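Hints are included, so try docking the two chains, each in its own frame, into the full complex.
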Amino acid sequence: MKFIMFTALLSSLLLSGCSSLGVKPWERDVLARDDMALESASMDSAFDDHIYFSKEASSGGKGFGGGGCGCN
Amino acid sequence: MKKQPVSATASAAKSKKNVGSLLKSATGCLLGATAMAGAQAESVADGWEADVAILYYNETDRVSALEPAIAVKKTFDDESVVGFKLVLDALTGASANGATASNTPQTFTRPSGNGTYTSSANETPLDDTFRDTRVNLTANYEQPLEDRMNKVVWGANVSREYDFVSIGGSGTFLHDMNQRNTTLSMGFAFEQDSIKPVGGTPIPLGEMKEAGSKVRTGDESRSMVEMLLGVTQVIDAKTLMQFNYGLAVSDGYHNDAYKITSVVDDVTGVNVLSQDSGSLTNRHLYENRPDSRTKHSLYGKVKRFLGGDVADISYRYMWDDWGVASSTVDMHYRFNMSPSWYLEPHVRFYTQQAADFYTTSLTETQANALVANNGELTSDYRLGDMDATTLGLKFGFLTPNGNKSSIRVEYYNQTGTASNVIGQQNSQDLVPDVDAVIVQYNYSF
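Sequences listed follow chains A and B, in order. Position 13, counted from 1, in the first sequence is what our numbering calls 13; the numbers after and before it change by one each time, with no gaps. Position 200, counted from 1, in the second sequence is what our numbering calls 200; the numbers after and before it change by one each time, with no gaps.
Keep in mind the hints are simulated off the structure, nothing from the lab. These numbers were taken from a predicted model, which means no experiment stands behind them. You may find that some hints are simply not true.
What the hints assert, rightly or not - Only pairs whose alpha carbons sit at most 27 Å apart, straight line, appear in this in silico DSSO-like list of lysine-lysine: (1) B/Lys85 - B/Lys301; (2) A/Lys24 - B/Lys196; (3) B/Lys301 - B/Lys238; (4) B/Lys394 - B/Lys238; (5) B/Lys73 - B/Lys394; (6) B/Lys85 - A/Lys24.
To be verified - Pair ranges (Cβ atoms, derived): (7) A/Pro25 - B/Leu398: 39 to 49 Å; (8) A/Ser42 - B/Glu123: 36 to 46 Å; (9) B/Gly47 - A/Glu39: 15 to 25 Å; (10) B/Met177 - A/Asp29: 14 to 24 Å.
Note that the Cβ used here is the ideal one computed from N, Cα and C, for glycine as well.
Chain B on its own, in the form it takes in the complex (with noise of 0.2 Å):
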């Protein structure tokens, strides 16, 4: 029989899928083909691939959330490929709100500025009111161009959540040479969010004021364009290698407008009180990112077949013009078991250096001067010095109709860094690890 090319990016031909009747008519409503009956509608689904997932994520003491998704695609005989792909996200539970652990209770806003919130002495406050639910739908087309060498993918993405929209398109060109060996690719991708703050823009350096009070300003937005440059490499029958450079520069609002940081003594460490009418008792501020970021990323992957498993691992370096620096490694090991099943263990280990302008909280006499100078300011932990380790394993297999699915389990766990630590705080845990458990389940047809 002979053998078709394979391109390196794109991973050969797939198997043609069992689609159960129920599932097809499920794709056609997605195409819009609810109108037609019988056969039609049956030959208007057939040939679509779906994807359908189920993610729970649960942090100790904090945030959990709930994400179904499906993608469908299906690929007609020119070789171009239609995708869609929706995700609903729903997310409740409590939140850090950049303050620091007190050895006093601490009374806070809540970011509608109706109503307060207290946390414990001791404690991280915690902001308990934190609940959305995101909407995310994206589409793709993969269209080949005359001479089969060449493709360009283009990508529609629009999300909503309860405070935030955001529209964006991407186009990607890709080029295979060498006997398809090598595959260059150059695209290119926008976004525009709209930031709606629950109770309006708090002020930037501004002190959070007392339940009632609405001193706040109005929505913000925010653009951001992206280039990635990217080189596939086939090595041989048995390896492939990745790499990509990527830029992405955002200008606007980069503020996480529920973020505060905590004013202390310059010497004890105690929280200060505000000397503003108004104000909470104790003095906090709210967070002032720049309003423009660039992003660099290196990125590299080997992927590599080894005695019938699959070993999969990629390298990421990202740097940005606010100090952050990161590394990141992340390692999949695929036993193939047997035909129908395997495990596949997941290592994740991250680093990162902090924002120049993060800090765990600020004394008065530097609150003072940032003020004054309308300096930078965040005192969100994840802007800070941080490492963060990721478990996993996944479970697949395929199921007695022969389609595929897949169950995996994963633990990740944040340590992050107090900078700036005064006085009392040095018997406070002011960046308290978070733990998080991942449950996911695939099921495709």
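Isolated chain A (complex conformation) (with noise of 0.2 Å):
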């Protein structure tokens, strides 16, 4: 319970903070290339994901954490 109070708090502190930034829409020149996406090479990401997955303890974060693979 504890936990779900702070990441709301967290989450709201977050949000009221993120309103005064940003730019406005004829400033994503940068921010709209290829290689400034989020996921600029979802191949090589997930081939990782499943490398990782297979050789270690831990999955997910940055996306669903399931592998559909028998391999942990």
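Take a look at the structure:
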């Protein structure tokens, strides 16, 4: 319960802070570059997730952690 | 020219790709459009983007894998996106069975129950029969909602191996706000796995039997549900940030059916002889993990444009109710050498704390108590204390016809730490390093 309340408080603080951040639509030329996409190399990322899922005890974080893999 | 607003999560509309007629036909086949002829087939395939890749993974003296993959997607006029991905995974080689190195040669029964394999004295026992082929198909559909500030991404996943079948689905809702500078996301996923170990499912905490014995049970299953909450924020014209919280709850069979634990003398650390008729000479117990697991993860990422280059740094903290806790730092730096090529070094550091029930081996006294109490057990080094490092370099370039291509080479090292080391085991390398090389080629069109 404490964790949920902490997360809710942190989220609301972050969101209120976020409203003063950002750029206008015409300032997005750099952000629109392919290499600035959050997931700019999805094939590499998926291969890596599969390797580390099968070799380590952790998964997930940036996306769902299920692997559809019987390797661990 | 008027600039288009860009969502914080979706990077902007991509330039239209050149698609060779042969490859267009291949894409059309994937869509079931083979019946269409001539210009009609051409129009269906038009607008599809494809990524093909092949990855080679090789561990020194252990597993090697070859993984070809193809992903296709199309963005429609209403901004909806549909995508499919097919991955094949052919694995061969040797895999640690969990038993510890000993000062004498050791014999083990193959997973099928038929035949044996032997490890030399002072060598980590490896099961050299490991061989599998995995086929994985995923489909995604990105559906913008009416006001274009919201969208839903649906996903489906089917995966099949020789001893494992998995189906899963997901749905993620994304909401843009603050002039699309902030994106909130909430997603749910489920997965249902069927586990069919070669030779049947061994009895947890049961002893490894000699070849020919068939003391096994039937197939097993596992289910998992996940939730992922995320915030993506544009900080300034050159910086993006992302935060996620993930929760995954799984229920069912979590054992690796092929992993065992060595039982050794309380003082000398020498393998104990089995008292059970039908068992191997030395006593080895099959692992017994809990039948449920709850995992949490916190993930943060910063991406920044620096004078023409791009820095990408992320951190993940993951913990679960098995006692595992891990930290991962992942860094990429893309040097854009010219508009047509780049170099991208990659560094990843990973450290994990062992599961509460991990032990490198058991003493006879510990083993007897564990069996009497049906305790939890694994000697799978992947659940032990571990540090891992990845070093890589990627070279990306545009082909003469303007398509993206890249090759990357990475080195991956795992260093584990043994626990519960007894007597003669002090002179053994109980958890040897695992070293792997990864080579991958990508081509987009």
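Hey, B/Lys73 versus B/Lys394, does the alpha-carbon distance stay inside 27 Å?
-> At roughly 24 Å apart (the allowed maximum being 27 Å), B/Lys394 and B/Lys73 satisfy the hint.
Between B/Lys85 and B/Lys301, is the straight-line Cα distance small enough, at 27 Å or below?
-> holds (25 Å)
Taking the beta carbons of A/Ser42 and B/Glu123, is their distance inside 36 to 46 Å?
-> Because 40 Å falls inside the window, the suggested range holds.
Distance restraint evaluation - B/Met177, A/Asp29, Cβ atoms, bounds 14 to 24 Å = holds (22 Å)
Between B/Lys85 and A/Lys24, is the straight-line Cα distance small enough, at 27 Å or below?
-> violated (35 Å)
Regarding the pair B/Lys394 and B/Lys238, is the alpha-carbon distance no greater than 27 Å?
-> holds (23 Å)
Regarding the pair B/Lys301 and B/Lys238, is the alpha-carbon distance no greater than 27 Å?
-> The given pair, whose Cα atoms are some 14 Å apart, holds under the 27 Å limit.
With 39 to 49 Å as the target window, see if A/Pro25 and B/Leu398 comply at their CB atoms.
-> violated (29 Å)
A/Lys24 paired with B/Lys196 [C-alpha distance capped at 27 Å] = Distance of about 55 Å is beyond 27 Å: violated.
B/Gly47 and A/Glu39, beta-carbon distance inside 15 to 25 Å?
-> About 21 Å separates the Cβ atoms of B/Gly47 and A/Glu39, which means 15 to 25 Å holds.
Comparing the model with each numbered hint stated earlier shows that hints 2, 6 and 7 do not hold.
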